[in-house]
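Student: Order-wise, the sequence lines are chains A and B. The first sequence: position 163 = 163 (the numbering used here), numbered continuously. In the numbering used here, each number is its position in the second sequence, counted from 1, plus 1000.
Mixed in with the good hints there might be a few duds.
To be verified - Only pairs whose alpha carbons sit at most 27 Å apart, straight line, appear in this in silico DSS-like list of lysine-lysine:
no., chain 1, residue 1, chain 2, residue 2
1, B, 1010, A, 115
2, A, 200, A, 44
3, A, 9, B, 1005
4, A, 12, A, 115
5, A, 200, A, 315
6, B, 1044, A, 12
7, A, 89, A, 148
8, B, 1008, A, 162
9, A, 162, A, 90
10, A, 158, A, 200
11, A, 192, A, 12
12, A, 89, A, 158
13, B, 1010, A, 90
14, A, 200, A, 90
15, B, 1010, B, 1044
16, A, 89, B, 1010
17, B, 1044, A, 90
18, A, 89, B, 1008
19, B, 1010, A, 158
20, A, 115, B, 1008
21, B, 1008, A, 90
22, A, 337, A, 192
23, A, 13, B, 1010
24, A, 225, A, 337
25, A, 13, B, 1044
26, A, 9, B, 1058
27, A, 148, A, 158
28, A, 44, A, 90
29, A, 315, A, 44
30, A, 106, A, 200
31, A, 162, B, 1010
32, A, 89, B, 1058
Calculated directly from the structure, the hints in this document are not laboratory data.
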Amino acid sequence: MSELSLLDKWRKKSIHNFTPLQASLELTNRCNERCGHCYIDSFKDDPQRTLTLEQWYHILQQLRQAGTLYLILMGGEAMLNPYFWQITKKSKSLGFHTSMISNGLKIQSEEMAEKLLESGIQQVTISLYSLNPNIHETMTSVRGSFAKTMNAILFCQKVGLKVSVNSLLTSLNISSIFDLEDWCVQNQLEIKVDPTVTSKLSGDMTPTRLRASRSQLEWYFSERKKRWVNGQVKASPESSGDFVCNAAKGKCAVTAYGELLPCIEVREPMGSLIDESFETLWNNPSVQPWRDMRLSDLSRKSETGFCEHCPGMAKNEVGDLHQELDFSVMLSEVKSKVSQDLGE
Amino acid sequence: MDLAKIFKRKEGLPWQEMEELALVLVPHSQEAHELNETATFLWKHFDGENTVADILNKLSVEYDIDDKTAFTDLAESIDLFHQINLIDEVL
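Just chain B, same shape as in the assembly (with noise of 0.2 Å):
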């Protein structure tokens, strides 16, 4: 994964975190999707300004993990995100 990208969330998601998690609507399916505590702060993050390096260092901070594994959590979770369509890479 280049850590140079720079993801943001698809506009015109509504969205709001409750007790750290996220819900995720998508209007034009009628779907939701709730996050769980590690996918909302990442989703957070994807705001179109941080790069993958960024948030790989804000997310070993937040939950005190190494390098590694952080690097292997964002790197499933951009798939997902990907996979149901809720970001988009900044080109």
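With the rest of the complex left out, here is chain A (with noise of 0.2 Å):
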């Protein structure tokens, strides 16, 4: 069997299991960069519950008994926990497949890049909205941060560690995605590009101001599919057979104090792991909505073959989590038409 199909019968087995084959854990909400678009309210942490070492090895072990493999590091800036390498080298001992996602600011020497690989991390998802630095900063609202950003992938793949970047589609980088794109297949960096812009974890809309708008969008599929043989347009990966999403099923988070959630994007606590045992919370019968939802659920307003709900953000933009948001219709549809369009 493939490496791809066997990881593919292990996700949704665990699935099918709710097993949390995967975890995310924001290590902090601090953060060296300033984007606009960032569902953080404040890039600040609460000193009285802030975790402290022993607390965070507590929900590493945790997660390995749960049945966790792949651990994803993020934050904020997960590199500004001050426990961040004690934490990566716990994950290797445990047996995790630890990745991270980082705007790329502390990793300027090859030494530091050599100290992630020494130190567990399997693979690094860097920040990058553009070729361009005017954009990217204006985008992170740091000065100099292109360049730093561009040094920590350079660096990064010099000592052997795995690279890809993650750039979130705006009206402010859209114009420059291609350029940006053309590059990473150049440099053997996989991309991954997002046009879904949330809100701010508080209900605030500012970032969504950002969102691409749907000639932006139509633009951006067509291209992308008349350019890259593997361009064609995919629904999000999300939904699984029947179900709208895999939240609290084969995959959960961690906040930066300590409390489970079903997914990264569903804000609502199922309780603190400081407090209460992983298997307590994750047996709650207050999961169950999230774990039960259906496509037939929704309350769709288009059927375009193409679903983009993802119920967590619906439940912070409009406090229902079938309610499908605008946003989501409109991008099922542009990806409908694209594909209609091409003929696919």
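Using the hints, build the complex out of the two chains.
Tutor: As structure tokens, then:
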């Protein structure tokens, strides 16, 4: 069996068994960039609520016992957690596959990249928005961040770390997105371009003003299809069979304060992993609505065959996890239209 | 096979167990191996502490098999784990 089909088999098995094969850890809310599109309200941690190293170890051990294999360290900027290196080493010794999402600003030497590799980081996903420094830095609000992020990519590649690029697609960077995609392909970097800009966790909709418009999205998906052999328009990968998504089934997330979430997008804590065991929280009946949600439960405004609904985003923006958001409907309509225009 | 030998899982290989089967990832070659139930049992005991003799005893008890069968199974498994580069001998 090929690696991909084997991993897919395990992913499906984890969804069926409610085994959190993937866990995202928000190690901190602190960040050294100030991206206008970010969902985090304040780039600060409440010192009364931050976790000790022993508490992070306790969480890692519980996740391991619960069946987690893939650990994603994120933030804020994950490397600003004071225990970052101890957490990565512990993750390695426990047998996790550990990756991290970073802006790269703390990876400014080959030695630092080597240290990441040795500490057990298997993959680094770097947030890069454009090859145009002005566009990238308009999005991060930090002068000089473009050069540092590019350095980080090169240092990580040089020491043999697997590197990929995440790029949020917004009205600010859409004009230069294909230059970035071309560059990534030329440099053997996987790139994921995501047009979904979410509101802040408080419900503040300011970041969503940066969303690309319908015509911009139509242009993007049409061009992508023309340029890339594998550029077919696809639905978001979250839905699984009849189910809307994988939240609280094959994945979970943990906040910087140790609260267990059904998914990084679903900001309704199931409880604190410091006060209660993972098993108790994971088996609590209150989680069931997230697990049970099927496509047929949605108040759908369109039937395009491309489901772009994210229950967590809907709950945060309109208070109803079943309500399809206007943006999700637009995205599914755009994908459907482009797919039909190109005769797929 | 020397019964005093000790084996350990190769360092830095991510793995997890589900329904008594283990998935072992080899990141640098982007390979993944699914181990069957017996191989998973052995994999968990290649901890750098158990000797081959210790594992033989545990295998016989766990699967209620005679020593000769256990020995053959373990020797074949160690060969296979070596071939796919998943274990190291502790010197």
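Student: Tell me, which hint numbers fail for this structure?
Tutor: Hints 3, 4, 10, 14, 26, 32 contradicted; others consistent.
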